[in-house]
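Undergrad: Full structure from sequences and hints, please.
Protein chains: 2
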Amino acid sequence: MTERFELVEKALVKMLEEKKYATLREILLTMNPQDIAAVFNSLQEHRIPLMFRLLPKELAAETFVEMEPDDQELLIRGFSDNELKEVLDELYVDDAVDIVEEMPANVVRRILSQVDPEMRKSINQILRYPESSAGAWMTTEYVSLRPEMTVEESILRIRRQGVDKETIYTCYVTKDRTLLGIVTVKDLLLAEDDEMSIRDLMETDIISVTTHTDQEEVARLFSKYDFLALPVVDKENRMVGIVTVDDAIDVMEEEATEDIELMGGMLPSENTYLRSSVWELFKNRIPWLLLLMVSATFTGMIITSFESALAAQVALTAFIPMLMGTGGNSGSQSSVTVIRALSLGELKFADLPRVLWKEIRTSVLCGVVLAVVCFGKIWLVDRMLLGNEDITWLIDAVVCLALLVTVVTAKIVGAVLPMVAKVIKLDPAVMASPFITTIVDALSLLVYFLFAKAMLPI
Amino acid sequence: MTERFELVEKALVKMLEEKKYATLREILLTMNPQDIAAVFNSLQEHRIPLMFRLLPKELAAETFVEMEPDDQELLIRGFSDNELKEVLDELYVDDAVDIVEEMPANVVRRILSQVDPEMRKSINQILRYPESSAGAWMTTEYVSLRPEMTVEESILRIRRQGVDKETIYTCYVTKDRTLLGIVTVKDLLLAEDDEMSIRDLMETDIISVTTHTDQEEVARLFSKYDFLALPVVDKENRMVGIVTVDDAIDVMEEEATEDIELMGGMLPSENTYLRSSVWELFKNRIPWLLLLMVSATFTGMIITSFESALAAQVALTAFIPMLMGTGGNSGSQSSVTVIRALSLGELKFADLPRVLWKEIRTSVLCGVVLAVVCFGKIWLVDRMLLGNEDITWLIDAVVCLALLVTVVTAKIVGAVLPMVAKVIKLDPAVMASPFITTIVDALSLLVYFLFAKAMLPI
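Just so you know, the sequences run in chain order R and E.
Those letters in the first sequence? Residues 0 to 457, per numbering that gives the first Met the number 0, in order.
Those letters in the second sequence? Residues 0 to 457, per numbering that gives the first Met the number 0, in order.
Incorrect hints may have been included.
Identical copies carry no separate label here, and so any pair may be met within one copy or between two of them.
Derived DSBU-like pairs (lysine-lysine); straight-line CA-CA distance at most 35 Å [as the list claims (entries may be wrong)]:
no. : residue 1 : residue 2
1   : K13       : K421
2   : K56       : K13
3   : K164      : K174
4   : K19       : K120
5   : K234      : K347
6   : K84       : K223
7   : K13       : K452
8   : K452      : K424
Since the hints were made in silico from the structure, they are not lab data.
Being a predicted model, the structure only gives us computed values, none of them experimental.
TA: Right under this line is the structure:
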């Protein structure tokens with residue numbers, strides 16, 4: 000599918016070069032805005048305005064929304080005031096806000112000077128909400144009905160107003176801007192009596208969010224209740240906008256990406272990978288690397304303080320990476336599982352005892368199996384196959400006992416820390432592998448050397 | 000919000016105990032099926048059938064769909080044939096399939112004996128598709144129109160048929176079951192002429208999937224094109240069903256969870272964390288732990304073969320954890336970023352040169368900063384503050400040079416391996432931290448000891 004798309008892309012560019020504009024336009028008319036935008040993204044800069052002007056007004060605006068910010072900026076800078084106004088008039092408010100957020104200040108001023116006053120007001124309103132709040136994701140364009148309307152009047156109203164609304168399928172019943180109920184187009188179409196009043200038809204048990212609700216909570220509500228749109232109200236329960244399901248999907252992907260980045264020991268990125276500059280990638284990655292490098296001073300100190308033990312039993316050193324690695328892996332397995340469950344709302348802090356009990360049993364199972372296999376492996380491979388005569392039964396036992404204790408400790412630390420983070424209002428994902436690995440590294444070394452001191456002639 | 004919900008839950012259970020059935024029923028009527036299902040989940044077993052029988056037919060079925068499989072099974076076993084039939088008649092086909100998939104064989108037989116023949120046929124059809132294909136996620140209930148119908152006739156048809164369909168908002172125009180076009184209810188309502196034919200109104204540039212399209216691809220199409228539903232066709236382009244956006248959201252969450260689990264070094268789980276048994280958790284976690292533990296034999300061998308070098312310069316051992324840790328973290332930063340971008344379809348294999356160039360520059364930047372900071376830290380903290388006189392300028396230089404080379408290598412390996420995995424049709428997420436860490440561990444030790452041998456008097 001992707002390959003076929005690349006062929007189409009090449010054919011289109013060729014037509015543009017050969018000035019076959021009529022044919023090119025015909026083909027563009029059959030394409031989706033998203034796919035046309037992808038073609039623009041691979042065009043040379045000077046060709047972008049040329050091809051854009053081939054698109055009819057509505058398709059041009061729909062394509063504009065889907066384009067990369069660089070391409071959008073290039074086009075806006077080349078537009079006459081009239082062209083700019085034409086594109087802006089076709090945009091939904093929330094799309095206009097997304098564009099404004101990506102543009103430099105002088106382009107933003109030009110955009111705001113060309114949109115109609117009502118839209119300017121809405122854009123400015125939405126821009127005031129915190130970046131990851133429901134207010135920032137909402138659109139102010141929705142169909143509102145009054146409770147005293149009939150089904151027939153409502154359908155007429157949708158027909159008159161619907162063309163400018165992002166979704167018409169969920170309508171909001173308001174009085175003095177207060178949200179009273181919800182009616183879907185399905186309810187309206189399937190109503191047995193056209194004269195029935197909206198008051199009798201509407202669902203009054205409404206789930207809504209406020210402008211300041213966090214986007215993660217918004218996404219969770221969509222996922223739980225299968226909404227197509229969710230009303231956004233202010234503190235006085237007055238309707239100010241709606242969030243639609245397509246935005247909720249974007250939020251979900253953003254949140255999952257953010258969790259994955261934090262788990263991988265990075266700060267969350269603003270842009271997609273290919274659009275991030277080397278400098279941005281560096282800035283997101285270096286803080287954790289530095290922090291974790293410096294905190295490795297502890298593991299270094301532990302090793303240094305057991306230097307004489309290591310010198311007396313040189314074979315011990317060879318197992319340090321295996322112990323620390325297995326500890327780290329065990330810990331990150333638990334932390335990653337718990338963090339994801341917290342993100343999806345499947346776990347809350349009150350579940351801590353259940354989580355602990357589950358992890359203790361799982362970790363003992365894992366630890367015992369690992370220790371037994373490790374014992375056999377060290378004896379058969381390291382001593383007999385590789386012929387390392389320094390390894391004694393006792394050393395083998397020390398390594399495997401340390402392994403068992405490390406796995407159990409790592410799994411408990413890995414499961415508990417993210418839950419504690421949640422309670423003290425930190426992002427649980429920050430507690431993932433890199434952080435937990437550092438703690439587990441130090442713990443596993445301590446356990447190892449303590450067993451060694453107790454059991455070996457050192 | 001969650002706390003308030005727990006209070007409601009307690010109040011409801013109390014009413015049930017005090018046999019205030021009328022009030023209880025009144026309250027249940029105002030609640031969402033999802034929330035009622037949550038109440039059932041915390042009820043004692045013997046109370047479940049009692050409370051379920053308080054619900055009116057339609058709400059009972061909607062709640063049933065949202066319940067945990069254990070509760071569903073309990074109810075089905077307690078139902079009379081008549082009660083079972085009543086619930087089943089209210090279900091959408093795809094929900095019925097979800098339930099059937101979770102039930103033991105004897106319960107499945109009972110369900111299939113009670114559903115009407117047409118639904119039985121649909122259930123059996125959907126059950127035949129592979130678990131993660133579009134066919135398994137689709138429903139066979141959708142509104143189909145014929146091209147020669149008028150707008151008015153179409154709306155009438157929706158009104159007659161819509162009550163049994165999961166979504167009415169996207170209608171599918173078919174002839175001899177072949178998919179010709181798509182018409183939305185918005186198009187129908189906003190059409191200027193009621194006598195206009197569907198043929199003239201429908202969108203013919205259709206994006207569809209086949210029954211065997213992978214669920215990840217389905218989710219990507221929803222995210223890219225903002226669909227509410229996507230048609231599923233067979234190999235002959237005949238319409239067989241639709242996937243709706245709420246299912247696409249479930250797929251997205253499932254896919255993200257799977258990636259996160261693979262990145263954390265686990266096999267993907269079947270159940271949510273709290274519903275997974277200790278045995279399941281153990282089975283998902285132990286394979287990678289064992290594999291990585293055994294593969295640590297290599298790092299052990301490298302250390303053993305440089306034993307004499309370590310004995311000559313004991314201070315070298317203390318920096319092994321820091322070097323391996325920083326290498327592992329650098330590698331997993333890159334791999335996690337690349338894996339996520341591959342999952343979201345932002346990257347393809349053809350981008351490999353761009354990825355490489357980006358990672359080389361980023362890793363050199365990170366490596367140089369880390370090396371410089373590390374050099375100062377070792378001298379100021381480890382030597383002067385902690386007074387470790389074994390550390391010389393040369394040892395410090397060896398550690399920091401090895402660090403620089405390790406970081407660059409780790410980032411390149413971390414970015415390239417997932418892309419290679421994608422090309423040879425492996426899940427890129429398998430190449431994440433645990434796997435890459437093992438490779439990077441071995442590489443960083445080799446680099447470290449080679450620098451040590453070359454620069455120190457060993």
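Undergrad: A separate judgement is required for each hint: does it hold in the structure or not?
TA: Quick rundown of the hints versus the structure:
Proximity of K13 and K421 under a CA criterion of 35 Å is satisfied inter-copy only: 31 Å between copies versus 55 Å inside one chain copy. Taking identical chains as interchangeable, the C-alpha atoms of K56 and K13 lie at most 35 Å apart only when both belong to the same chain, with a minimum of 24 Å there against 62 Å between chains. In this assembly of identical chains, K164 and K174 lie within 35 Å of each other by CA distance both inside one copy and across copies; the values are 20 Å within and 32 Å between. Taking the closest pair of Cα atoms, K19 and K120 never come within 35 Å of each other, the shortest separation being 42 Å inside a single copy and 52 Å across copies.
Taking the closest pair of Cα atoms, K234 and K347 come within 35 Å of each other only inside a single copy of the chain (27 Å); across copies the shortest separation is 46 Å, beyond that limit. In this homomeric assembly, K84 and K223 come within 35 Å of each other (Cα to Cα) only across copies, at 26 Å, whereas the closest approach inside a single copy is 40 Å. For the identical chains of this complex, K13 and K452 are neighbours neither inside a copy (75 Å) nor across copies (59 Å), given an alpha-carbon limit of 35 Å. In this homomeric assembly, K452 and K424 never come within 35 Å of each other (Cα to Cα): the closest approach is 41 Å inside a single copy and 49 Å across copies.
Violated hints, listed in ascending order, are 4, 7, 8; each of the other numbered hints is respected by the structure.
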